[in-house]
Each structure stands twice: as structure tokens, then as C-alpha cells.
Amino acid sequence: MDTVLIDASHIDAFCGFGEVTRQYIHCLTQADIPDIHFIFLLPEKYRGAFGDRFGYISVENKREELRDLKEHIDLWHATNQLFKYRMRGKNTMQLLTVHDLNFLEEKQGIHRLKRIYKLGWRIRRSDCVTVISNYVKQDLLSHVNTGGKEVEVIYNGIADLEKEERRKPPFVSDDREKFLFTIGQVCRKKNFHTLVPMMKYLPEYKLYIVGDDHFDYAEEVREAIRAYGDNRVSLVGKISDSEKNWLYEHCAGFLFPSKLEGFGIPVLEAMRFKCKVFASKFTSLPEIGDRYASYWDSYEPQDMAEVVKKGIDAWDKHSDFANEMEAYSLGFNYQKYTAAYLALYRKMLAERKRSR
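If you read the sequence shown in this note's numbering, its first letter stands for residue 216, the second for the next number, and so on.
Incorrect hints may appear among the rest.
To be verified - In the DSS-like style, the derived pairs of lysine-lysine whose C-alpha atoms are separated by at most 30 Å in a straight line are:
{"no.": "1", "residue 1": "LYS496", "residue 2": "LYS415"}
{"no.": "2", "residue 1": "LYS415", "residue 2": "LYS525"}
{"no.": "3", "residue 1": "LYS453", "residue 2": "LYS329"}
{"no.": "4", "residue 1": "LYS393", "residue 2": "LYS453"}
{"no.": "5", "residue 1": "LYS568", "residue 2": "LYS277"}
Said to hold, decoys possible - Across the chosen pairs, the derived CB separations fall in these ranges:
{"no.": "6", "residue 1": "LYS524", "residue 2": "SER357", "range": "33 to 41 Å"}
{"no.": "7", "residue 1": "GLU521", "residue 2": "GLU434", "range": "26 to 34 Å"}
{"no.": "8", "residue 1": "ASP535", "residue 2": "SER455", "range": "43 to 51 Å"}
Simulated from the structure, these hints should not be mistaken for lab results.
Every residue, glycine too, gets a C-beta built ideally from N, C-alpha and C.
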């Protein structure tokens, strides 16, 4: 039996890294995989949480626990490019998953060059590299010296939210109110502040901006709300999954003006509920949203509002197009994601044995 270590250290993160990690670990722990023994690198509080079929290394004490580990690790999967530690054993294969190269826009000068060099070094030290979209693949090959390393695209999955509980959030006072909705970490790359002045031209709707709002940028969004919100825009912080599902199901439209995305999970989540989706034309979003989303050509408030109004007026949840959009979203699932990674693990491990 081969041993594969999965870096699940971001399992608690309230972002795409965390969502993918939680769903993937769930799929692995529910599956019967007799030829692979998995060890999970997790926060200490999760030790033993998935049963004694699996091994556990705590993030808090990883160096000592890896040093004392009695079994050999055949393959180490760094599930995102921000990993802090990896096995240095020459007989341990390395798989690296890259989610985005957002630092190309967020960093400048020497800081940008350092990040490019560090990512290139990590890639060249890995035996295999995966990315979460064709956009990320092209970004990677255009800016980073990969040493000729092959890069494989494995799309993220989307959880079966449409089958889960819905619960109205307390900030929605009336089930019948007309509202728009967006979700994500409230940081600058999400570009949420552009939605606030747009609402002046959509007076019949409220807007709920949902997500982790501990970032400095959140104050900029609050200032925009105070100046332009007209008591119809709310920054509500984190919510539960059941509340998120209710918002997807009942909103008049889902808005995603992000400027930097390696994938764009919320876009596909909204489509599961046959929700009309509006997104930016930047980075991966046209690839993931495909022809099922409407895209803004301009961030001028009136222009944005016109796109939203036109899209909502023409939208019919019961149309053939809405059904087609839902089917498209269903094509991104964690069963397919898990199967793709298990196949890749087995391929890498088989190649390793042949090369001995």
C-alpha cells in the first residue's frame, strides 16, 4: 500500500482554499481506496476526526511529527502554492497544485520578482504540477520558469448545495424583498466597492455583501456604503452555508465583480440554483462562467446597473437555458475532482516504481 500525505492545513479557511480542502477530505474519507494509505496534515483539533484508517500530522507540530513518523511517505500533495513545509526525502514524490498567481497584480518590484522566483523554484522541485483553470495554466507558463514541467488542469468541484438546507438570514426582514447578493473575502481583489454606487440606478433592490470582512479594504466598502448605499446596501460578514443557500435561491441576481480569480467557485454555486449571474471579464471568470454569465464591460455605475437590469428582466429560471446552465454547473463536482486526483496519484506512483 502506497502512502500519500495530503496538505489540508487550510481546512478552516473561509475562502476557496478552505472550501476545496473540506470537500476533498470529505470525499477521500467516504471512499473505499484500498491501495492508498492517506495521512492528513491538519490543525491539531482534527486529529482522529476521520477515523483510524487515516494518519494525522498536526500543523502546529509538523516538523517533529514528520521526523518521528515511522512510515515512508511515497507522495506529498501540496494542495496550494502557499505551503510552508514539505518532505525533503529524495524518495518522496512531490505534487503541487497552483490556484492562482494573483501576486502578479498585487505585488510590485522586488516583492513581485521574489514571488515569481519562489514559485518557479517550488515547481521545478515538484514531480508534477496541477492548476485549477486554463487561465492559471497560461498565467503560469507566461510568467514563471517551470523548467519545462508539464502542467495539468484539474478543475475545482462544486458541492451539492442545492440538496442542502436553506435558512433565511436574520438580516433579511421580508421573504418577498427584492435583493442582489455577492460573497467572498472582503479584500481588494474582489472589487466589491464598485457595486455600491451602482445601486443608485437599481432603486427597487437591496444589496447584501457577504464574507470575511476583517481586511482593511472592508472599511473602504463601509465608507462607500455610507456615501452611496441609500440604506439599501449591507456588509453583513460571515454567514452559515444554509443562509448562503437561501440567498442563492431567493436573490434576483448574483454579482461577482472580482478582478483576480483563479477559478470562481461562487459563480458555479449560484448556477446550481438557476440564479442569474453577473461577473467581471477578468482572469478566469469568462472561462468558468462561459456563456451562462453576463459580463460587465465597464465599471461605471450606470453601465453596470444597465447590464444587471437587462439581465434580470430577461431571466427565466424555468427556461431551457436556465436548465442548461444548471447542468453545466453540475459538471463541476467533487466526485470528478477526487477521481482525477486519485488517477494522478496512481499514475505518479506507478511511474516511480517503474523508474526504480
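Do the hints match the structure? See the list:
For the suggested pair LYS496 and LYS415, the alpha carbons sit about 23 Å apart, so the restraint of at most 30 Å is met. For the proposed pair LYS415 and LYS525, the alpha carbon gap of about 16 Å is at most 30 Å, so the pair holds. For the hint pairing LYS453 with LYS329, the CA-to-CA distance comes to about 33 Å; that exceeds 30 Å, so the pair is violated. Only pairs whose Cα atoms come within 30 Å are accepted, and LYS393 paired with LYS453 is accepted, the gap being roughly 21 Å.
The straight-line distance between the Cα atoms of LYS568 and LYS277 is roughly 27 Å, inside the 30 Å bound, and the hint therefore holds. LYS524 and SER357 have their C-beta atoms about 37 Å apart, which keeps the hinted 33 to 41 Å range intact. Checking the proposed 26 to 34 Å range against GLU521 and GLU434 shows it holds: the Cβ atoms sit about 29 Å from each other. At roughly 33 Å, the beta-carbon separation of ASP535 and SER455 lies outside the given 43 to 51 Å, and the hint is violated.
When each numbered hint is compared with the structure, violations occur for hints 3, 8.
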